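Colleague: Chain residues, written in single-letter form:
Protein chains: 2
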Amino acid sequence: MFSDKHKTAGVAYPQGFTAAGVRAGIKKNGNLDVALIYTERTAAVAGVFTQNLVAAAPVHLSKIVVGTGTAHAIVANAGCANACTGEQGVRDAEKMAQVAADALGCRQDDVIVASTGLIGSYLPMDKMEAGIKDAAQKLSKDGSVNAGNAIITTDTYSKACATEIEIGGKEIRFGAIAKGSGMICPSMATMLCFITTDADIDQNLLQEALRDANKVSFNMITVDGDMSTNDSVVVLANGAAGNKKIVTKDTDYEKFSDTLKTICIELAKRIAADGEGATKFLTINVTGAKSFEDAKQVGMAVANSPLCKTAFFGENFNPGRVICAVGYSGVQISPSEVVIKFGGVPVYADGVMPDVDKDAMKKILAEHDIVIDVDINEGNDAATIYTSDLSYRYIAVNAEYVS
Amino acid sequence: MFSDKHKTAGVAYPQGFTAAGVRAGIKKNGNLDVALIYTERTAAVAGVFTQNLVAAAPVHLSKIVVGTGTAHAIVANAGCANACTGEQGVRDAEKMAQVAADALGCRQDDVIVASTGLIGSYLPMDKMEAGIKDAAQKLSKDGSVNAGNAIITTDTYSKACATEIEIGGKEIRFGAIAKGSGMICPSMATMLCFITTDADIDQNLLQEALRDANKVSFNMITVDGDMSTNDSVVVLANGAAGNKKIVTKDTDYEKFSDTLKTICIELAKRIAADGEGATKFLTINVTGAKSFEDAKQVGMAVANSPLCKTAFFGENFNPGRVICAVGYSGVQISPSEVVIKFGGVPVYADGVMPDVDKDAMKKILAEHDIVIDVDINEGNDAATIYTSDLSYRYIAVNAEYVS
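Going down the list, the protein sequences come from chains E and C. The letter at position 159 of the first sequence is residue 158 when you use numbering that gives the first Met the number 0, and the numbering goes up by one with no holes. The letter at position 266 of the second sequence is residue 265 when you use numbering that gives the first Met the number 0, and the numbering goes up by one with no holes.
Isolated chain E (complex conformation) (with noise of 0.2 Å):
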């Protein structure tokens, strides 16, 4: 489904979208930091933000653009997260906004504003209107690869994916890019996700979708529980497919819907895998729960304890610290009847952890990806959490990491 070639395609892929990211020189290493997506055919916008009520200044302005219903284009910067800054903030997104739409033709208020990077800094905005004006003359179907680099900061890789599905005889296609990796924590709209549809789908059904992709993604991911003032997801349909206008919550609606979650939930994963620092990719399955909500507090609790993540790192055979996670997470479970899993061997079960093929949990434990099964057996929902490890890298990122 997300070929390299749809990769590459990213959020250019579908018909009517182009895409740059060029070097602004806000990063201080010199590497791409102003992405730039437009459609010249008005597209539907939907979007979810940060919970942080330490909210960045673009993330207060892009509200507004949602709120409009329609957008034009995209306008994202990393290496600076304009948050914390006051008036000031406020002036320097929308003077973004107004850059970008003065280069594409369009109004402020059809741009979406997005920054990311060190929190309390002021945006040059001397180097950040030129860039944009350069990203301006430089959109293109090839541009989605330059704007998935200029949006990260600590990830190792851009995140990108693509892929196309059938409304009515009309091929759809979708495409996106993302970046993570740290201040990656549930409860939000998590980091940075832009992405681009040619369906023609009303307005409030986008939202509607956008918010369940959302709540089963990027709200199931946490690298260090840590909640970023600038998270924004965001989603053009410009409608350039011609399908017949999805109106209703029809299979048309059903189709492009679980599309959009496919494609939320692969990128959040791929954050999660690519968390600062990580070395291990966990998939913590957490079942037999009252709610959807007590299995999430569950496999949050063992993805967040510290005392797990670092065991997993260091490849040792721990089961105590994750039924010991699972015992403080606040869901009332009974201790003889959980029963956890690692790669599919039972750790614990019945209140006691049974003996175990050494050699066979040292291979599980060695695996890049790990999965965690966590039966509480109180009842019959479920959760899927995604998180990373803890490593001597992540310090020496979060230690280290001044802008």
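Treat the hints as calculated values from the structure; they're not laboratory data. Remember, predicted model here, so these are calculated numbers, not experimental data. Treat the hints with caution; some may be incorrect.
For identical chains, the list gives no copy identity; a pair is met inside one copy or between any two copies.
[Claimed, not checked] SDA-like, lysine to any residue: derived pairs with alpha carbons at most 20 Å apart:
no., residue 1, residue 2
1, K244, V338
2, K357, S120
3, K361, L117
4, K340, S120
5, K268, G241
6, K357, D3
7, K4, F291
8, K169, A129
9, K340, H59
For chain E, the structure is supplied; the task is to place chain C on it using the hints.
Modeller: Relative to chain E, chain C alone:
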């Protein structure tokens, strides 16, 4: 108040108490690993224990002993937590109490039991039995240092203190030993701490004084946000001081209660300062909250944030991570009303980060002890949290800690 002489005297400082610590071969490194504290005179006993639903066998047993209202001894071991050990674990904990009771000439339900170390393995009961008998032989007024060393695991030093107050013309002595230093987190009765006093006090008042002291001490520290299966704080009061028994909440009770609080805060701070891999001791004062709980929640969000902790480890000036954690703490705040100070210097106010003297700030961040003030300006309540930073050594300790 807590001199080195006092520290050495520890739990054997109050009249009528003796202590011992011996090598039983439970710790793989051959260090002291079985501790015994004894009072021939019957002591009122109070205890607070982990709220983790997966509580260890000794915790269940000790709660029963506290329920009887009196005790004569505490037996504890490090190197094995006797947690997730099912029926056999319960029998082993009972056996520990029985062996101690036989050696001391008291009843099994006169003996508090505690264990700390790896979760999921069974106690080597032959070694344990020999160790407890050995410890009973070695009980002395000089035994507290060994007892303190016998309960530590990844701690880099033993925590002990002692002091005295006067109540109604009588000298009342207090002594305590405690251990950390991983799986340390709020909202529970944290880690192991054993307190002795020769005060004569009603058992219900003793329990209330301990609960109050615990609330502002052990429940206000966090190292890694992980809540242990074995945390226990127990106080024995044997009445040997001969004071008029404290039976109401009079000024004598206040004096007693204040001293207990001071001891618990002192030991809690030392546990936080000796958190696994700690290179910094962070005090987070949250003021201007609508309630103590709100203040604590804001402080804990900062204290448990890996991004904040690594920034302090790296001596990086990064107030953005602190205001970010305040913003996602779940407590209602207004970003422009919050004032944050590092070492007394404002670093966030009016929604932005004011310019700071970089050299002065560098000096503040280079200190071992750093005070972070967070005034959320919403009300009049306050709370103080103690924590450590997050360093490479935390990873080393926990990725490699198996026994």
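Colleague: Please work out whether the CA atoms of K357 and S120 approach to 20 Å or closer within one copy, between two copies, in both situations, or in neither?
Modeller: Close across copies (15 Å), not inside one copy (51 Å); limit 20 Å.
Colleague: At 20 Å max between alpha carbons, let me know whether K244 reaches V338 within a copy, between copies, both or neither.
Modeller: Close neither inside one copy (47 Å) nor across copies (50 Å); limit 20 Å.
Colleague: Using 20 Å as the alpha-carbon threshold, which applies to K357 and D3: within, between, both, or neither?
Modeller: neither (38 Å within a copy, 47 Å between copies)
Colleague: I want to check one pair: K340 and S120. Are their C-alpha atoms no more than 20 Å apart within a copy, between two copies, both, or neither?
Modeller: between (46 Å within a copy, 17 Å between copies)
Colleague: Reference check for the pair K4 and F291, CA-CA at most 20 Å: within, between, both, or neither?
Modeller: neither (36 Å within a copy, 56 Å between copies)
Colleague: For K268 and G241, with the copy left unspecified, which applies at a CA distance of at most 20 Å: within, between, both, or neither?
Modeller: This pair counts as neither: shortest intra-copy Cα distance 31 Å, inter-copy 66 Å.
Colleague: Pop the pair K169 and A129 into one bin, within, between, both or neither, using alpha-carbon distances up to 20 Å.
Modeller: Neither, since 39 Å and 80 Å both go past 20 Å.
Colleague: Could you figure out if K361 and L117 sit no more than 20 Å apart (CA to CA) within one copy, between two copies, both or neither?
Modeller: Classified as between; 18 Å across copies, 40 Å inside a copy.
Colleague: One pair to classify: K340 and H59, alpha carbons no more than 20 Å apart. Within, between, both, or neither?
Modeller: neither (43 Å within a copy, 26 Å between copies)
Against the hints set out earlier in the document, violations occur for numbers 1, 5, 6, 7, 8 and 9.
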